[in-house]
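Listed below are the residues making up each chain.
There are 4 protein chains.
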Amino acid sequence: MSTPQLNIALIGYKFMGKAHSNAFRQVARMMNPAAEPVMKTLVGRNAEAVQAAAAQFGWQKTDTDWRKVVRRKEIDIVDICTANDTHMEITLAALRAGKHVICEKPLAMNLKQAVKMAQAADAAGVKHMVMHNYRACPAVALAKQMIEEGRLGRIYHWRGTYLQDWIMDPDFPLVWRLDKHAAGSGAHGDINAHIIDIALWLVGAIDEVCATMETFIKERPLLGGTDAGLGAQAAAGKGAVTVDDAVISLARFRNGALGTFEATRFAGGRKNGWGFEINGEKGSIAFNFERMNELQYFNREDPAHLQGFRTILATDASHPYMASWWPAGHIIGYEHTFTHMVGNFLNAVAHDEHPHPDFWDGARVHAVLDAMSKSAAARRWVGVPEVVPQPVLV
Amino acid sequence: MSTPQLNIALIGYKFMGKAHSNAFRQVARMMNPAAEPVMKTLVGRNAEAVQAAAAQFGWQKTDTDWRKVVRRKEIDIVDICTANDTHMEITLAALRAGKHVICEKPLAMNLKQAVKMAQAADAAGVKHMVMHNYRACPAVALAKQMIEEGRLGRIYHWRGTYLQDWIMDPDFPLVWRLDKHAAGSGAHGDINAHIIDIALWLVGAIDEVCATMETFIKERPLLGGTDAGLGAQAAAGKGAVTVDDAVISLARFRNGALGTFEATRFAGGRKNGWGFEINGEKGSIAFNFERMNELQYFNREDPAHLQGFRTILATDASHPYMASWWPAGHIIGYEHTFTHMVGNFLNAVAHDEHPHPDFWDGARVHAVLDAMSKSAAARRWVGVPEVVPQPVLV
Amino acid sequence: MSTPQLNIALIGYKFMGKAHSNAFRQVARMMNPAAEPVMKTLVGRNAEAVQAAAAQFGWQKTDTDWRKVVRRKEIDIVDICTANDTHMEITLAALRAGKHVICEKPLAMNLKQAVKMAQAADAAGVKHMVMHNYRACPAVALAKQMIEEGRLGRIYHWRGTYLQDWIMDPDFPLVWRLDKHAAGSGAHGDINAHIIDIALWLVGAIDEVCATMETFIKERPLLGGTDAGLGAQAAAGKGAVTVDDAVISLARFRNGALGTFEATRFAGGRKNGWGFEINGEKGSIAFNFERMNELQYFNREDPAHLQGFRTILATDASHPYMASWWPAGHIIGYEHTFTHMVGNFLNAVAHDEHPHPDFWDGARVHAVLDAMSKSAAARRWVGVPEVVPQPVLV
Amino acid sequence: MSTPQLNIALIGYKFMGKAHSNAFRQVARMMNPAAEPVMKTLVGRNAEAVQAAAAQFGWQKTDTDWRKVVRRKEIDIVDICTANDTHMEITLAALRAGKHVICEKPLAMNLKQAVKMAQAADAAGVKHMVMHNYRACPAVALAKQMIEEGRLGRIYHWRGTYLQDWIMDPDFPLVWRLDKHAAGSGAHGDINAHIIDIALWLVGAIDEVCATMETFIKERPLLGGTDAGLGAQAAAGKGAVTVDDAVISLARFRNGALGTFEATRFAGGRKNGWGFEINGEKGSIAFNFERMNELQYFNREDPAHLQGFRTILATDASHPYMASWWPAGHIIGYEHTFTHMVGNFLNAVAHDEHPHPDFWDGARVHAVLDAMSKSAAARRWVGVPEVVPQPVLV
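Protein chains in written order, with our numbering: chain Y, 1 to 394; chain S, 1 to 394; chain E, 1 to 394; chain V, 1 to 394.
Next comes chain Y alone, as it looks inside the complex (with noise of 0.2 Å):
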């Protein structure tokens, strides 16, 4: 009996297209997963511009319209790359007609839009997963799977870090993710939302936060060119940032525990830096991307003489993911985090399970991010509401 094939069409081109783009293309290759991409459609609002990524990543058509596209009987699942305030409109649509739907992170452009998104996805009745990808780190999975054997047990701390540089020169351009308005917010929902929904996954709900953010460089040169539809002349100015270069947070988990939380584009010489370290009543675990297969870990219950935080090489077919790939110390790369998670979703498809992170699980970390925005704004503790699904009356 052959593996059943499942056809993609994939909304968006651009950095997250080509992750996952790559994934699709792998995951067969790699993981073996219950059911096997088809990588069908390619969907952007430039056809020349789709057209050359088709080519280039391997997908056999495009198209500009993706109103049509996720319509079509030969789609089964529907992956949304584009930009967030686009997230539920094209999900609705694609649920409307009967797709599994993968989404990029953040889910929405807040709580209310990503609850409304999960209840219609179940409703619909199809898999949904929202690509909080770094999960599926197999250091990260290792450190899920060690909190649920009991290592370190009660939870004191969480204290977590997303660092990136790439925006420190004051002459960087006033990009698209600079502007509120397309973005909805800077680093916190482009970077913190990752660590957010890693200690949501980690330690548990949240209970409340305060935080606040700063937006270092309020001004910057305007793109001129094709990109801002200006003229060379409007390329001499400059505009206001109105998004935050950084946001810094307390929190209060539901488990007792302290959390800290950073986000920022200002931290010179971490380029990807997000990691975290959490300290329990019988061990601690620390984690850093830029080593991505490695997981630090803190045995409190060795012998007292040989304690020490050990380096866990996550790369042994006994770590999560790991028996798909290479032999132990041969680290896998930053894409496969993508080829893990749609590996994951492909199973749940094809076994009718729940794939995870859900929907809600997205709206969990906007009902955190949109707390800590609140709470920035208005200077003072802000209450996490929980996120629970609604029942789904058949």
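The reader is advised that the hints may include incorrect statements.
Just so you know, same-sequence chains aren't split out, so a pair can sit in one copy or run between any two.
Straight-line C-alpha distance at most 27 Å; calculated DSS-like pairs for lysine-lysine [to be verified]: (1) Lys282 - Lys238; (2) Lys14 - Lys238; (3) Lys282 - Lys218; (4) Lys14 - Lys180; (5) Lys374 - Lys61; (6) Lys68 - Lys282; (7) Lys61 - Lys73; (8) Lys218 - Lys68; (9) Lys116 - Lys218; (10) Lys68 - Lys144; (11) Lys112 - Lys61; (12) Lys61 - Lys218; (13) Lys144 - Lys374; (14) Lys112 - Lys238; (15) Lys374 - Lys68.
Simulated from the structure, these hints should not be mistaken for laboratory data.
Put chains S, E and V on the given structure of chain Y with help from the hints.
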């Protein structure tokens, strides 16, 4: 011409008494300070214990009455290593007797006391220093030097943590440090004070803070026997922990930088894990005390393909304090942070210069400590009052 | 104008077959090579197994007879991933058919075979490359670039190790890699070959070597069942290990540098721990494959108080190969060393340029391997013959 | 009952004199040895210089004639920190006077001298110790303890390096350490001796070695002025370097382990970078002196998914020597390797026990040093003679 001698009286002989004694014993052997300390009198309440300590550490005399000792003509410098709630009283008495004063950190019980001590010290016209010894780690002093050399430029971020784990066992008893009346606070005054001092020194004044605190283990076994003066019966009982186990805080610096602080005794595997990272427009530096001879430095002005965090092993004669020690690569230990501080103080006295950090610096730490405590209690942002020395009327 | 296509035949489908297949599948998707590979035919002796592998890896056709395949007109490039003792025969057949040839390392069974292959390849006028894939780690290629930029100056030391631990269990069975007839040697040809190639590339020619080898576990359980064609009875028995478990060697380079080499399968905890340190008059570099995206660099010309080993995270667009991948800080994995090598080869074919490392480079590795083997047997220093390409008479 | 006192005479007052003085001054203050050292007499040829050093380091008296001093009744222990070529003469004189003797490493000029010294010391019935101080790094002593606890099992590999860079500048002058007559050898006797001692202690006896040496900078500026007694004219000239800049060696241990040794003064960026890795059947350990408070440990018997090299911060009271110092996480420095050694020796004298490493251990290091030198000269493997104490006829 021979080096002048200065007679020391040290009040207190436990952990800090041992560390300060060692510094006085070593400083003239290694650093050639402009004045040589004479270890004249060690003071403690228990005659037998203080005699044993004096024999162990190398003091000429002992006494049980600090009031008498600080007034003795032969004493030039009074060094205070007692519990925090006695710092002010002893300091003021020593100042009245015209002695130079060194005081352990935190300087006092609160900002008000600290300012009173600083004003009195200025009025007395003597030299005064608070023992924020970590400024005298060579690698930390190198960080200061690099900032003054302009190698970081405008500073965007401070990320400071002080992580310990010595009271994680729920059976660890209710020692005086866990009693608010005796200790004032828990991790906050004990270890957060250290990283606050370093932040103020390296980054500058803090405008406002928002903190929260937690006591994870709320009851602990009472100390039995001689310590608590209770019978074996009582030892079976438990008492309430009345100080914080951990504190986390946000901060905004006057220069626009964002800061985070965390101090905890519940970070398993972190023994004396205090450290920081500072991100500036031109570079970043990072420090971890458990590798106290090293400073991490990222230079954003290196050629692009050669940029990276470098580990400066601050043991070279070109590094602060290190010309006094061994050839490069031969690391020094914790205790010499005190040796360097004492050396600095002796030089200040001999040359009639102003030592640092002085009592005003100690008061500035209290201004932040108090603001964080208030913030944690009130659950809101709290401004940090500016601490400005009052002119002394001559 | 479209990119030309080149049809590939791959002989072999185990570990290396999987890695090479992945490279052919990915290279045009990521690197924009000047020619696009077409995964035409996968070849193996077992029809069923090779068909399964072809389906898994994405090959169009399969065959069980490499002799026929290498002669097929449609094939442009033959890639050889079979056992070492077949490399020469297959290569010579492919060359006779005028095909470009890629061959796994070590190139041959010994220097004599290797030279014969190199001469034949030159005479055939085709492109030839030996798959010393580790040259294509971006961080290793950066090391090469830095040496060429003169950043190390005169080189004094090479310190190379290749540490693994996968056969430390005495119950690990007597696989073919532990049989001299099948494998030629143990750790020596398998992994010492890698660091020898890197040494030759980065430091230059080796004049003489002095080596010794050891087999720590001299008998191992025989493999039962289909692998060895023996009955279950035999499986209970043991057989002699006839290859080295470990080899260590001294070396003198032509430029006056001293070198050490160590390759072992008995270094517990080192999974694929190959690395090197090079000390030059102006600086030092160090590399550890288990952190393959990083290169350590010490610049002796930095200001004295700022010197230190820096960790270059070689993931920036300014680093070799990395413009093809992800933004800085998003690391890549082991498999892309092959992707880069295949990309280089395709470019060489398309542009009619000379690829590296070619078969002569492969022969140079054999010259060192053979000298070390001879040295270990004779217990003395052995000179390494110079390998110079013979002029091809046209 | 009070602690007995032992009067010390120290011959030599430069780098090692400073380090030993510090140890005598500190040991009773920190370690509670069973006997207290009295810093009686510091001896040196230059009266003025030795008086200055005695004042600096805290000695009661000085002398310029070691022959007289070692015979003085008041002296209990003679400690020898002079140039290597005087070790034997001073030692034998001190032994004749019935003194306990501590001698800096390397013990002598060669194996023959060393054995003579050891035999004389045994015959004298006194305590004798060679100052291979690195055995007394707590992390190294922990390694020894772990090996004795059976945590490594059978040992397969030793990998030892001692890397420095202090003479890399070609303008660094021709100091006595670069003169064979004064120094005996270069990096070999100075620093290779250290790692040889550690290898013998941790792994066991070495059967045979094969070494090579190199002098990279063959001529250096002559020292002018007072140092060399030459005029300014001569200072402009150059002289030949007559010792090795670097030595590398293979070794075979009696227990079947393979070993490599490297000692060099031309490893840019490595200041006092000595370290080792040992791989055993049950685990591995690794050490790097520049992080001397840390020991790396890999336990092959941990659960598979939790294995990793752990960093033991050897500063806990459960670690060797550390109960004498500070709370866990407060690291100690280089100088206390001497403090611990002196403490061990005082205990040995007070308890009439045998100290280690004794002169026979020092002779065993010479057996290896001599064999490596012979091997380098003869370009072949050389056996290491077994050094067995001769019975003393009473």
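How the hints compare with the structure:
| no. | hint | in the structure |
| --- | --- | --- |
| 1 | Lys282 - Lys238 | between (53 Å within a copy, 23 Å between copies) |
| 2 | Lys14 - Lys238 | within (26 Å within a copy, 57 Å between copies) |
| 3 | Lys282 - Lys218 | between (45 Å within a copy, 18 Å between copies) |
| 4 | Lys14 - Lys180 | within (20 Å within a copy, 51 Å between copies) |
| 5 | Lys374 - Lys61 | neither (43 Å within a copy, 60 Å between copies) |
| 6 | Lys68 - Lys282 | neither (54 Å within a copy, 50 Å between copies) |
| 7 | Lys61 - Lys73 | within (15 Å within a copy, 31 Å between copies) |
| 8 | Lys218 - Lys68 | neither (41 Å within a copy, 61 Å between copies) |
| 9 | Lys116 - Lys218 | neither (34 Å within a copy, 42 Å between copies) |
| 10 | Lys68 - Lys144 | neither (40 Å within a copy, 51 Å between copies) |
| 11 | Lys112 - Lys61 | neither (34 Å within a copy, 52 Å between copies) |
| 12 | Lys61 - Lys218 | neither (43 Å within a copy, 59 Å between copies) |
| 13 | Lys144 - Lys374 | neither (30 Å within a copy, 37 Å between copies) |
| 14 | Lys112 - Lys238 | neither (34 Å within a copy, 48 Å between copies) |
| 15 | Lys374 - Lys68 | neither (38 Å within a copy, 59 Å between copies) |
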